[in-house]
Amino acid sequence: MEGTSRARAAPPRVGLFVTCLVDLYRPSTGFAAVHLLEAAGCEVAVPRGQTCCGQPAFNSGDAGTARALARSIIDRFEGFDYLVAPSGSCAGMIRRHLPELFAGDAGWRERAEGLADRTWELTSFLVDVCGAPAAERLRGAEAPRGVRRATYHDSCSGLRELGVREQPRRLLAGVAGLDLVEMPDAEVCCGFGGTFCVKYPGVSGRMVSEKVENIAAAGAEAVLAGDVGCLLNIAGRMRREGRAGRVFHVAEVLAGMADRGIGEPAVGSPGTTAAGGGSGGGSGRGRAPER
Amino acid sequence: MIPESHRFPDRAGLALADEGLRLALDRARQGFIGNRRKAVDALPEFPALREAARRIKDHTLSNLDLYLERFESQVTASGGQVHWAADAPAARARIIDICREAGARTVTKGKSMVGEEVALNEALEEAGLEVVETDLGEYIIQLADETPSHIVAPAIHKTREEIRDLFAKHHAPLGLGPPGLGNAELVARAREVLRRDFLRADVGITGANFLIAESGSTVIVTNEGNGDLSNTLPRVHIVIAGIEKVLPGYEDLCTVLRLLARSATGQEMSVYTTVSTGPRRSADLDGPEEFHVVLVDNGRSGMLGGEFREMLRCIRCGACLNHCPVYHAVGGHAYGWVYTGPMGSVLTPLIVGLDRAHHLPNACTLNGRCEQVCPMSIPLPSMLRKLRARGFERGLGTRTSRLGLAMWGFLARRPALYRPVAGAAMGVMGWLGRRRGAFRRVPLAGGWTAVRDLPAPEGETFQRAWRRRGSGGR
Chain B
32 MEGTSRARAA PPRVGLFVTC LVDLYRPSTG FAAVHLLEAA GCEVAVPRGQ TCCGQPAFNS
92 GDAGTARALA RSIIDRFEGF DYLVAPSGSC AGMIRRHLPE LFAGDAGWRE RAEGLADRTW
152 ELTSFLVDVC GAPAAERLRG AEAPRGVRRA TYHDSCSGLR ELGVREQPRR LLAGVAGLDL
212 VEMPDAEVCC GFGGTFCVKY PGVSGRMVSE KVENIAAAGA EAVLAGDVGC LLNIAGRMRR
272 EGRAGRVFHV AEVLAGMADR GIGEPAVGSP GTTAAGGGSG GGSGRGRAPE R
Chain R
3 MIPESHRFPD RAGLALADEG LRLALDRARQ GFIGNRRKAV DALPEFPALR EAARRIKDHT
63 LSNLDLYLER FESQVTASGG QVHWAADAPA ARARIIDICR EAGARTVTKG KSMVGEEVAL
123 NEALEEAGLE VVETDLGEYI IQLADETPSH IVAPAIHKTR EEIRDLFAKH HAPLGLGPPG
183 LGNAELVARA REVLRRDFLR ADVGITGANF LIAESGSTVI VTNEGNGDLS NTLPRVHIVI
243 AGIEKVLPGY EDLCTVLRLL ARSATGQEMS VYTTVSTGPR RSADLDGPEE FHVVLVDNGR
303 SGMLGGEFRE MLRCIRCGAC LNHCPVYHAV GGHAYGWVYT GPMGSVLTPL IVGLDRAHHL
363 PNACTLNGRC EQVCPMSIPL PSMLRKLRAR GFERGLGTRT SRLGLAMWGF LARRPALYRP
423 VAGAAMGVMG WLGRRRGAFR RVPLAGGWTA VRDLPAPEGE TFQRAWRRRG SGGR
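For the protein sequence lines, the chains are B and R, in the order given.
Under our numbering, the first residue of the first sequence is numbered 32, with each subsequent residue one higher.
Under our numbering, the first residue of the second sequence is numbered 3, with each subsequent residue one higher.
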């Protein structure tokens with residue numbers, strides 16, 4: 032931690048901003064995030080009443096709704112040392128854009144800035160804030176079964192708003208039995224773009240089909256990313272094209288909790304049921320801090 | 003050119019179905035991106051230059067009146083004339099007047115995007131003038147009766163086969179057979195035909211990449227030399243330029259020039275950088291007898307005082323287009339007007355009106371690559387967001403998307419309602435999708451499932467599972 036003495040005195044208190052997509056779609060990512068944060072020596076809480084970071088409203092020009100959601104996030108999270116989200120997109124929204132929403136309101140702007148400064152995307156928090164000793168403790172997770180080669184897709188907001196690029200790759204280098212291979216154009220948008228993907232499906236479809244082609248070109252058996260939005264888009268397109276690759280949030284692989292990939296059946300498929308599958312994938316282990 | 007930007011979805015659909023276009027865009031993108039990367043990597047001071055150029059432009063825009071007036075007085079001092087055009091009709095009328103006063107019949111043109119913006123060619127032709135575009139790309143699209151699809155490479159959407167066929171058709175009346183398919187053969191043919199036009203033109207019209215206030219000069223950068231023939235051979239040279247093109251002096255020009263070609267094509271410098279100052283002087287061997295500069299506002303002074311001021315820093319290098327995944331997917335014609343890609347998605351609504359171009363700021367994933375490569379550090383994503391906010395205020399956009407957003411916002415602001423509703427929906431979807439893992443079709447999610455499956459959720463929400471596992475206190 033920033034100042035080891037402080038870390039010894041009291042573990043940093045992290046409020047996990049689950050994100051709406053992880054909450055609704057991919058609880059496994061949330062449990063993996065908790066596991067990683069606790070293993071890195073943090074005390075993790077999940078403040079009640081979380082919904083969304085407000086980005087869909089903000090990016091649609093509805094500042095009023097975005098501001099209302101921003102206030103509720105500030106209320107719920109400003110008591111923590113850090114806000115951490117398993118998403119570059121939501122963390123980028125809070126870190127880069129929350130203060131913009133209160134341009135004309137000094138009181139709220141100050142609170143928004145205070146929270147923005149303490150907001151982190153998960154992998155960059157683990158590497159840049161928790162530091163080398165903590166990152167060292169995260170090494171040694173086993174690669175998902177059947178996956179030797181994986182490739183990492185750089186989500187746009189994480190990469191360009193928060194500078195998340197090396198951190199996930201560095202952490203993935205510590206996963207036993209996993210080769211990280213780079214795909215062509217890893218940093219090019221997958222075509223998700225929030226509401227963009229449903230407003231302009233044709234354009235979005237072309238973009239994601241190119242992404243899926245690049246994943247295949249890298250010879251990767253799995254694609255990993257730090258944002259469930261991109262992953263749903265990529266997994267959905269892979270299923271539509273009948274491609275075999277698997278799709279995981281990077282946190283699930285780092286935590287050794289990657290059982291059922293996104294878009295894979297919960298029942299009736301050999302190999303997934305045996306691992307416990309379903310929403311219970313990785314359950315329990317996420318509650319076992321390795322301090 | 004009449005804006006067709008409101009038809010973006012239809013035009014994008016046509017573009018996506020065009021395999022030839024896909025090949026052309028793929029080839030072009032690889033070249034542009036790779037060449038720019040190499041040029042930028044080879045210049046360690048690129049970031050410092052970028053910062054210096056931003057400051058130069060910001061300073062100039064803050065003192066735009068001063069520099070424009072200085073520019074005008076220097077043009078006058080060197081024997082030329084400046085004309086102020088508040089909008090597109092004024093620019094067209096002024097240029098037609100100059101041509102008429104010169105008794106012109108034939109006009110050669112160098113590439114000018116502001117010329118396209120004010121629809122100059124159509125107006126000149128209606129006034130009875132013969133207009134010949136002399137930039138190879140512009141020449142090709144003029145023959146094809148199309149509009150530019152890229153601000154730097156107007157005919158980037160055309161394959162060589164299409165160009166050969168166009169030349170064969172249009173050059174037959176000149177007694178020329180179909181040219182060969184090689185680049186050199188196509189270029190040689192265009193040169194041969196255009197040479198005749200250069201020699202008989204009465205007026206040459208060029209754009210300007212920059213206007214230099216300290217000397218009253220206009221500057222163009224080209225790779226073909228066609229601009230030089232357009233501004234030296236005819237009796238009259240007319241420059242058309244937006245008011246934001248002015249720079250204080252040559253020092254500033256040198257800084258910005260070092261960014262322009264590297265960002266546009268990956269060249270250190272364009273092949274020709276040509277400075278025009280006034281008409282021919284008595285000792286000059288060539289040059290026009292008259293030198294006119296038409297300065298076009300057309301909405302720019304409105305941008306100057308507002309939240310889109312930074313857009314006026316744009317030097318039209320095209321780097322944002324070349325790195326835009328949406329542009330790469332659909333090409334320039336989908337955008338429906340002169341300016342395309344990210345810069346076009348900001349400029350078009352500001353010039354033609356948001357109600358006629360509402361799709362453009364929305365047809366973007368806000369991935370931020372454009373801002374990353376913009377040599378003038380224009381915050382394009384945040385400008386697109388501001389335009390979306392204006393659209394939202396005015397109630398633009400489809401009813402379905404507005405209704406969907408409103409319903410989602412209503413729920414997201416009420417966690418006590420959101421939790422059970424979302425929880426029940428995920429429970430049902432998780433159960434229905436448990437065997438296949440993904441849905442091919444989902445009611446009300448046609449936009450998603452048109453091109454991809456919808457992965458099934460795991461079933462229970464994270465927050466519910468977390469509380470159920472007895473972590474309620476945390």
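Please note: incorrect hints may appear among the correct ones.
[Said to hold, decoys possible] Chain R stretches covered by chain B per the calculated footprint, using a threshold of three residues with CB under 8 angstroms from any CB of chain B: (1) 218-230; (2) 327-338.
[As the list claims (entries may be wrong)] In silico negatives: residues of chain R with every beta carbon more than 12 angstroms from chain B: (3) GLN76; (4) HIS172; (5) ALA186; (6) SER284.
Just so you know, the hints here were simulated from the structure itself, not pulled from any lab data.
Every value quoted in this text rests on a predicted model; they were computed, and no experiment measured them.
Cβ atoms here follow ideal geometry from the backbone N, Cα and C, with glycine treated the same way.
So, going through the hints one by one against the coordinates:
Look at the stretch 218-230 of chain R against chain B: 0 of its residues bring a Cβ nearer than 8 angstroms to a Cβ of that chain, fewer than three, so the hint is violated. With 4 residues carrying a beta carbon less than 8 angstroms from a beta carbon of chain B, the stretch 327-338 of chain R meets the three-residue requirement, and the given coverage holds. Every CB of chain B is more than 12 angstroms from the CB of GLN76 of chain R (nearest about 41 angstroms), matching its label as outside the interface. Against the 12 angstroms criterion, HIS172 of chain R stays outside the reach of chain B, whose nearest CB is about 33 angstroms from its own CB.
A cut-off of 12 angstroms between C-beta atoms confirms that ALA186 of chain R is not in contact with chain B; the least separation is 31 angstroms. For SER284 of chain R, the condition that its CB be more than 12 angstroms from all CB atoms of chain B holds, with the nearest at approximately 56 angstroms.
Violation of the numbered hints given earlier is confined to hint 1; every other hint is satisfied by the structure.
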